[in-house]
Amino acid sequence: VQLQASGGGLVQAGGSLTLSCAASGRSIYEINIMGWYRQTPGNQRDMVATISRVGTIDYADYVKGRFTISMNNAKNTVYLQMDNLKPEDTDIYYCKTITKRSGNYWGRGTLVTVSS
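If you're matching positions, the sequence shown starts at 25 in our numbering and goes up one per residue.
No wet-lab data here; the hints were simulated from the structure.
Yeah, the Cβ is synthetic: ideal placement off N, Cα and C, and Gly gets one too.
A portion of the hints provided could be inaccurate.
Dumping the calculated EDC-like pairs for lysine to aspartate or glutamate here, alpha-carbon to alpha-carbon at most 20 Å [as the list claims (entries may be wrong)]:
| no. | residue 1 | residue 2 |
| --- | --- | --- |
| 1 | 99 | 70 |
| 2 | 124 | 107 |
| 3 | 110 | 85 |
| 4 | 110 | 54 |
| 5 | 88 | 112 |
| 6 | 99 | 85 |
The calculated label-pair distances, taken between Cβ atoms and stated as ranges, are [said to hold, decoys possible]:
| no. | residue 1 | residue 2 | range |
| --- | --- | --- | --- |
| 7 | 36 | 69 | 21 to 29 Å |
| 8 | 105 | 70 | 13 to 21 Å |
| 9 | 139 | 66 | 15 to 23 Å |
| 10 | 127 | 37 | 15 to 23 Å |
Let the sequences and hints guide you as you build the complete structure.
Here it is, written out as structure tokens:
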């Protein structure tokens with residue numbers, strides 16, 4: 025599975041960004057869960073939000089009410105709508121997919137910078 029992420033950028037505090045991640049490859053029919061994680065260099069990669077094919081959603085507590093994850097199953101694409109962004113949301117965001125039998129895959133990170 026290949027993951028192509030896009031949508032990062034620079035935004036002022038209180039602004040919005042939408043990240044998208046499109047999956048492709050022979051094993052995309054095995055995708056069960058897609059999600060977004062964040063990582064500061066030198067730190068561990070932490071879950072931001074995940075969504076399953078059947079719509080089960082999980083959010084990190086600090087993004088509840090501000091971020092919305094969604095998936096277009098037909099396009100094998102996951103989106104992360106980020107509203108009311110805060111400077112502490114600044115980080116590199118990574119897309120991840122979990123398949124039923126073919127393992128887990130990561131996309132390249134996309135940088136989100138929120139200025140105060």
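Results of checking the hints against the structure:
Straight-line distance between C-alpha atoms of residue 99 and residue 70 comes to about 25 Å, which puts the hinted pair past the 20 Å bound. With a C-alpha separation of about 32 Å, the suggested pairing of residue 124 with residue 107 is violated against the 20 Å cut-off. Distance restraint check for residue 110 and residue 85: the Cα-Cα separation of roughly 14 Å lies within the 20 Å cut-off, and the hinted pair is therefore satisfied. Note on residue 110 and residue 54: the hinted pairing is violated, with a Cα-Cα distance of about 35 Å set against a maximum of 20 Å.
A distance of roughly 14 Å separates the Cα atoms of residue 88 and residue 112; the hinted pair therefore holds under the 20 Å criterion. A distance of roughly 28 Å separates the Cα atoms of residue 99 and residue 85; the hinted pair therefore is violated under the 20 Å criterion. In this structure the supplied range 21 to 29 Å holds for residue 36 paired with residue 69, their Cβ-Cβ distance being about 26 Å. Between residue 105 and residue 70 the CB atoms are about 19 Å apart, so this pair conforms to the stated range of 13 to 21 Å.
A beta carbon spacing of about 22 Å between residue 139 and residue 66 agrees with the range 15 to 23 Å that was offered as a hint. Taking the beta carbon of each, residue 127 and residue 37 are about 38 Å apart, not inside 15 to 23 Å as hinted.
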